[in-house]
Amino acid sequence: GIQVEQSPPDLILQEGANSTLRCNFSDSVNNLQWFHQNPWGQLINLFYIPSGTKQNGRLSATTVATERYSLLYISSSQTTDSGVYFCAVGINTGTASKLTFGTGTRLQVTL
Amino acid sequence: GAVVSQHPSRVICKSGTSVKIECRSLDFQATTMFWYRQFPKQSLMLMATSNEGSKATYEQGVEKDKFLINHASLTLSTLTVTSAHPEDSSFYICSAPTRGGQAAYEQYFGPGTRLTVT
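These protein sequence lines map, in sequence, to chains A and B.
Anchor point for the first sequence: position 30 equals 30 in my numbering, and the numbering is continuous, going up by one each time.
Anchor point for the second sequence: position 26 equals 26 in my numbering, and the numbering is continuous, going up by one each time.
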């Protein structure tokens, strides 16, 4: 199956700092999503980005499908950004795609 | 975005009993839903694919007789953990993909159910 690795595994930032999270995957995919898992366990959709670049406020993401990686940028980080960030990849077939989750990046933003 | 709910959010049961978890898509229909399991400080692992009107398909290593899945309608899938044991204690999360538009197949996740088996 597809292997998905994220880096760094842990990240501590001071409020206001910027960061880049990376997601590498081992095979071609046509579904890639980034999620933020909050302290209560809820997965919040950040981006659906199988290719290209998207921006949403302080967050942006870029996926280079041909090189099998995706990046999530967080600018001007806030304490509410703390949590675990997952990328998940899959192949869209039929009505849906099974997602394989990455190992996650645990982010802590301090004052 | 699409909304997926789960019930209950937390359940404690005794070893040997069965527990049912519901997953509902509130504002869209889902012919397919997925069930994941997450152990503390680990990633999500796909357990099974729930298909409306047909049998679920299970990932390798997941016991289909232990984790019963029923997708009775286009908005409801249930996961029943039968004869639960302490090692089944985990965070169970369901998801459903939306259809159409530029983000076809984007999956939305329920808030999860924390199961503790004593």
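These are computed hints drawn from the structure, not numbers from a lab.
Hints are not guaranteed to be accurate.
Pairs of lysine-lysine residues, derived as DSSO-like cross-links and limited to a Cα-Cα distance of at most 30 Å, are as follows [said to hold, decoys possible]:
id : chain 1 : residue 1 : chain 2 : residue 2
1  : A       : LYS54     : B       : LYS20
2  : A       : LYS98     : A       : LYS54
3  : B       : LYS14     : B       : LYS41
4  : B       : LYS55     : A       : LYS98
5  : B       : LYS41     : B       : LYS20
6  : B       : LYS14     : B       : LYS55
7  : B       : LYS66     : B       : LYS41
8  : B       : LYS41     : B       : LYS64
9  : B       : LYS20     : A       : LYS98
10 : B       : LYS66     : B       : LYS14
11 : A       : LYS54     : B       : LYS66
12 : B       : LYS64     : B       : LYS20
13 : A       : LYS54     : B       : LYS41
14 : B       : LYS55     : B       : LYS20
15 : B       : LYS66     : B       : LYS55
16 : B       : LYS14     : A       : LYS54
17 : B       : LYS66     : B       : LYS20
18 : B       : LYS64     : B       : LYS14
Quantities reported herein were computed from a predicted structural model and do not represent experimental measurements.
Hints and how they fare:
no., hint, in the structure
1, A/LYS54 <-> B/LYS20, "39 Å, violated"
2, A/LYS98 <-> A/LYS54, "23 Å, holds"
3, B/LYS14 <-> B/LYS41, "24 Å, holds"
4, B/LYS55 <-> A/LYS98, "16 Å, holds"
5, B/LYS41 <-> B/LYS20, "24 Å, holds"
6, B/LYS14 <-> B/LYS55, "28 Å, holds"
7, B/LYS66 <-> B/LYS41, "24 Å, holds"
8, B/LYS41 <-> B/LYS64, "25 Å, holds"
9, B/LYS20 <-> A/LYS98, "23 Å, holds"
10, B/LYS66 <-> B/LYS14, "16 Å, holds"
11, A/LYS54 <-> B/LYS66, "41 Å, violated"
12, B/LYS64 <-> B/LYS20, "14 Å, holds"
13, A/LYS54 <-> B/LYS41, "29 Å, holds"
14, B/LYS55 <-> B/LYS20, "17 Å, holds"
15, B/LYS66 <-> B/LYS55, "15 Å, holds"
16, B/LYS14 <-> A/LYS54, "47 Å, violated"
17, B/LYS66 <-> B/LYS20, "12 Å, holds"
18, B/LYS64 <-> B/LYS14, "21 Å, holds"
The structure fails hints 1, 11, 16 (numbered hints given earlier, in ascending order).
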